[in-house]
Amino acid sequence: MRRRTFLATGAVGLSALAAPGLLRAQGAPLKVGTYGGYFEESFKTHIYPDFTAETGIEVQSIGEPTGEAWLVQLEQAARANQAPADVSMMAQVARLRGERSELWAPLDESKLANLGNLPEHFVHRYADGRLYGTGAVSWYITLVTNTEAYPEPPTSWQAFWDPANTDKLGLLALASNSFLLEITATTYFNGTDILATEEGITQVLTKLAELKPNVRLWYRDEGQFQQALESGEIPMGQYYHDVTGLAASQGQPVRSTFPQEGAVLDSGSWVVSKASQMIEQAQTFIDYMARPEIQAKLSRNVGTAPTVNRDLLDLTDEEFAAVGSDLPPILPRYELYIDKADWVNQKWSEMITG
Amino acid sequence: MSGRDAATPTWLGLIPGVVLAALFLVPFGIMLAVSVALRDPSGSGFYTWGFELQSYARVFTFFVGRILFVSMTIAAGAAVISVALALPFTVILAQMSRRAQTVILVILLSVLSLSEVIIGFSVSTLLSQTAGVGNLLALLRITEQPRAYTPSLFALMTGLCYLTFPYSVLVLYPPVARLDPELVEASRTMGASPLRTFFGVTVPLLRAPILGALILVFVFALGSYLLPQVLGRPEHWTLSVHITDQAVYQSNLPFAAAMAVVLLLAALALVGLALLVARERRAA
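Order-wise, the sequence lines are chains A and B. Just so you know, my numbering puts 235 at position 240 of the first sequence, and the rest follows in order with no gaps. Add 227 to the 1-based position in the second sequence for my numbering, that's all there is to it.
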């Protein structure tokens, strides 16, 4: 997730001032993994010092590599009974993959007083009901435009298919990070249920293929698209709501729009490696992170959308609008990228390169 | 070199040889083993050691075959263009004063220090609509509106040639510098035009180094995965791009490894074929 490195430079400067504040507590520190770069620095600055001050549990911050490399490392380390991190923030596909191989330690619900703050889709359980993780942060992928090229904001994802936008779009290159299947299904097929069958997916892909003439860039590198969006070189596309808002607040001619069909809500979750020796402390940390005031702090300082229900938060309308929307979101169908991963990837590649 | 009396003992040459072999054979062995490993059916994405040919079955499809063909064509095209530009450049360079040669070679060497990332983004800016040459062309009224020339095959080739041009020159420079000037002079005194001399005398004399440069650039371009992403359209994505997608984003290492093995073998086969043809020609 290269977007996590965005703003890393600014955040490094901030954390250099604040980081020495981590208190010494008895015993080994709790190792917490977050995406290296912007996320890690933000957590080191805004979260860990206060957590340590309150609980006496020292935190050692671990920067996770991008992609699913971290999952592979955790899995291989766990076979040797090692935990490179006790608690890790995992993207949903990686979290589910770990669930399949029972990589995550079961958690004691009685120790998680704040569990009730989380909506059901952010409470992760094994098939037999054992709890093993919770939603950590979430973020929206929205319809973004350059305000100079588009004085009026688009209102619907249908703008991607508009012949007027030939060669103007920047879209994420992979099925599993663009969630364009879900977007297309919601926009043209009344929701993502059609993606339950291979025939349905094929139908959605056919519709999706229609927008290819409008795509100038299928991007893997987020920096490349963001720069092109700001300069107007590629004036429309899909991107992250938080980063776009940040760029706009710094005077860039960009805007993020929640389309009427809803924006994609993606997220990361806290999980604990089964090799961890610090389950108690890990549970304390996970519970701490599910507190409404901590989620509000994340929204204000890191720009992520809260994983707890909004009515629990003291965010003003303006603060909430900066990170999220009340419109029902498009929820990614992560199982698609696990159970049917090879098939979906193959069809996706054929669609894009064909 | 006559082994026994050589100034450099033979075993000294063995050290890099052994290290190179180990650094090639060991990773290649691992790759080979991964390519036949069993994929975890539970969907966790991991693999366990074993033997199955499922990943190869996916490689030997029309889809991957087409990508392999595109990759080879792009690499071969880049090799031909790069060497075609480098050859006259090097010949002219070798005729310059020693001082000028040094300066130009140093500049060329410094180009090598630029990473693929920098070259990719520079070319994409240079060919962009908002900041690129399109504006210049529009200003000069050659085109009506500034337009973007990237991503396109042209942009990709420009990037690849920029990246590989210094290598071509560096491969060609030593033999060109050693070229007997009397041969060229003889051709000129017999009344051949400079162009005729270049194609009739210089190029044939340099056949072996030209082939060497072509192979080097071909192999180099074949492995490029960043430039096709940044400068090319999806239909120009090389097999290397797809290998990266599988390995890094889809964590399907067996399939990625199988594609990599096939890419390597295909490249070796092509290089071997080129060398064989060259030898046959010389023998004939």
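Just so you know, these hints were derived from the structure itself, not from any lab. Note that this is a predicted model, so its numbers are computed, not measured. Glycine included, every Cβ here is placed at the ideal spot set by N, Cα and C. Misleading hints may appear alongside valid ones.
[Claimed, not checked] Taking CB as the label site, the calculated pair distances span:
| hint | chain 1 | residue 1 | chain 2 | residue 2 | range |
| --- | --- | --- | --- | --- | --- |
| 1 | A | 201 | B | 281 | 26 to 32 Å |
| 2 | A | 72 | B | 493 | 46 to 52 Å |
| 3 | A | 153 | B | 249 | 54 to 60 Å |
| 4 | B | 237 | A | 95 | 54 to 60 Å |
| 5 | A | 55 | B | 243 | 47 to 53 Å |
[Stated by the list, open to error] Selected chain A positions facing chain B (Cβ under 7 Å, derived; list incomplete):
| hint | residue |
| --- | --- |
| 6 | 169 |
| 7 | 173 |
| 8 | 228 |
| 9 | 345 |
| 10 | 348 |
- Task: Go through the hint on residue 345(A) and say holds or violated, using the shortest Cβ distance to chain B against 7 Å.
- Result: 6 Å, holds
- Evaluation of the interface hint that places residue 173(A) against chain B, nearest CB under 7 Å: This hint is violated: residue 173(A) lies away from chain B, its Cβ roughly 11 Å from the closest one there, beyond 7 Å.
- Message: Taking 26 to 32 Å as the stated bounds, is the beta-carbon spacing between residue 201(A) and residue 281(B) within them?
- Response: 28 Å, holds
- Item | Range hint compliance [Cβ, residue 55(A) to residue 243(B), 47 to 53 Å] | 41 Å, violated
- Task: Let me know if the C-beta of residue 169(A) comes in closer than 7 Å to any C-beta of chain B, holds or violated.
- Result: Since chain B brings a Cβ to about 6 Å from residue 169(A), closer than 7 Å, the hint holds.
- Query: Would you say the C-beta atoms of residue 237(B) and residue 95(A) sit inside 54 to 60 Å of each other?
  - Reply: Once the Cβ atoms are compared, 55 Å apart, the range 54 to 60 Å for residue 95(A) and residue 237(B) holds.
- Message: Interface hint check: residue 348(A), Cβ to nearest Cβ on chain B, cutoff 7 Å. Holds or violated?
- Response: 5 Å, holds
- Item | Given hint residue 228(A) near chain B, where the shortest CB pair must fall under 7 Å | Given a least distance of 5 Å, the restraint on residue 228(A) holds.
- Assessment of proposed distance window 54 to 60 Å (beta carbons of residue 153(A), residue 249(B)): The hint (54 to 60 Å, Cβ to Cβ) holds, given that residue 153(A) and residue 249(B) are roughly 57 Å apart.
- Take a look at whether the Cβ-Cβ distance between residue 72(A) and residue 493(B) falls inside 46 to 52 Å. The hinted range 46 to 52 Å is violated for residue 72(A) and residue 493(B), with Cβ atoms some 36 Å apart.
The earlier numbered hints that this structure contradicts are 2, 5, 7.
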